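Engineer: For the protein sequence lines, the chains are A and B, in the order given. Residue 192 in my numbering sits at position 192 of the first sequence; the count goes up by one each step and never skips. Residue 65 in my numbering sits at position 65 of the second sequence; the count goes up by one each step and never skips.
A couple of the hints might just be wrong.
[What the hints assert, rightly or not] Pairwise CB distance ranges (calculated):
no.	chain 1	residue 1	chain 2	residue 2	range
1	A	T134	B	Q15	24 to 34 Å
2	A	D379	B	E19	33 to 43 Å
3	B	D52	A	N172	26 to 36 Å
4	B	A26	A	T100	52 to 62 Å
5	A	G210	B	H65	38 to 48 Å
No lab work stands behind these hints, which were simulated from the structure alone. Note that the structure is a prediction, hence the values are computed from the model and not measured. Cβ atoms here follow ideal geometry from the backbone N, Cα and C, with glycine treated the same way.
Spelled out, the chains give:
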Amino acid sequence: MSKVRVLVGTRKGAFTLTADGKRDQWEVAGPFFAGWEVYHMKGSPVNPDRIYASQTSGWFGQIIQRSDDGGKTWTAPGGGQQKSPQGWPMGESNRFVYDTSDTSGAPLTTHQWYDGTQHPWEFKRVWHIEPSLTDADAVYAGIEDAALFHSKDGGHSWQELSGLRGHGTGPNWQPGAGGMCLHTIVLDPKDPNRIYIAISAAGAFRSDDGGASWKPINKGLRSQFLPDQDAEVGHCVHHIAMNPKRPGVLFMQKHWDVMRSDDAGDNWREVSGNLPTDFGFAIDIHSHEPETIYVAPIKSDSEHYPLDGKLQVWRSRTGGNDWEAMTSGLPQANCYVNVLRDAMAVDTLDECGVYFGTTGGQVYVSPDAGDTWKPIVRDLPPVLSVEVQTLP
Amino acid sequence: MIRVELPFHLRTLAQVSGEVQVEVAAPVTLRRVLDALEEQYPVLCGTIRDHDTKQRRPFLRFFAHQQDISHDSPDDPLPGEVASGKEPLLVIGAIAGGSR
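Isolated chain A (complex conformation) (with noise of 0.2 Å):
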């Protein structure tokens, strides 16, 4: 019978939660890398039981775990006792350097701050990892501040693709609220070289050429806190999901605003309908029916929590415009929390399971596409992430 495993990033560690294909019954794991904020966690595609791990630390900056047995146990890839040639320690798994070489690099530039002024990229943390559809042991990362680095070697060492970075538009880039983070990558499994990523509050782009160029596609995106409305950058987007049937179809959590594009993104359209409001992070589609959408509203940009104290999932079967409010099981009274952008999943079984996680803790299921819900746990810390993965 199929299992899922749900990996669960939080503010205090990380989490596995594992089930059969009722997913009724739970296994709780964790925390893994207590203490640490995990931003992410996703295993490979070719590998299930490969799992890559974002664990990060103001004090202490930026580590890369791996799993190789299904997150039961981990290791650093690059902290092994391993040295360079010239006899230095490696510790290369934790090292994200813009490649500011004349070879393969562009040049260090700045970006917009807060104030309108300009600041050098410097690096943050990695918001998320993207492991490759065909190679377990290729993986993408995307940081803050925005760029998009990659591993060939399964996480023991990274390098840039600074055509991201170095495209021209970066002085016009700006922080969002949460930092100036590439935190969508979505890879077109029907072409290895189209990738699509998204900053906040840059917007989205394209490379069509495995990630060496870069176009920005935010043609259709209205931006109010924009002066120009037809902006090629400065959109503060949330989140894209694709449905890996249908890659050239792609929907869009924008800060406000449910976006589609039927086109790679070349072109957008608004998609919100009836929502009570089209403000929110997360956004997924259904794994069997490309026109299945689901939003997590929140009240506003200014009161991060659901409207009404109602927390809904709102599920679209037209591919948006038309939504109904999926809650139940859902608190509707007196729940003030967040859904953050990369904390909805949904499993491959028959019947597509979803899942979400709150800043409250709380990482809900609905095994039936929606209908209904229940909390898998209640008292996690802050989630940040949730991915699942579908096992034999």
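Starting from the known structure of chain A, arrange chain B on it as the hints suggest.
Structural biologist: For chain B alone, kept in the frame of chain A given last:
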């Protein structure tokens, strides 16, 4: 042998308990101790000082023989009590950022 006392999270990361000991040739300086520490425990690279600039991370402090040496030159000789192994070099995580 030079004794080094690490903060809890770095002991966990390096998978050690209690103090660690590193061998450092004279003259014993902070830079040499940290070089030896990172060589012995490569996972600590970048956690105490920047990977490349070797600057101290902002929320860490170094104490030797009851003195805060965080702002001293990393090439200054450490106090004899630390250089002789009588007392440990303390790497301390600042008490800050209580909101999380």
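Engineer: Take the hints in turn and mark each one as holding or not.
Structural biologist: Hints versus structure:
| no. | hint | in the structure |
| --- | --- | --- |
| 1 | A/T134 / B/Q15: 24 to 34 Å | holds, 33 Å |
| 2 | A/D379 / B/E19: 33 to 43 Å | holds, 35 Å |
| 3 | B/D52 / A/N172: 26 to 36 Å | holds, 27 Å |
| 4 | B/A26 / A/T100: 52 to 62 Å | violated, 37 Å |
| 5 | A/G210 / B/H65: 38 to 48 Å | violated, 54 Å |
When each numbered hint is compared with the structure, violations occur for hints 4 and 5.
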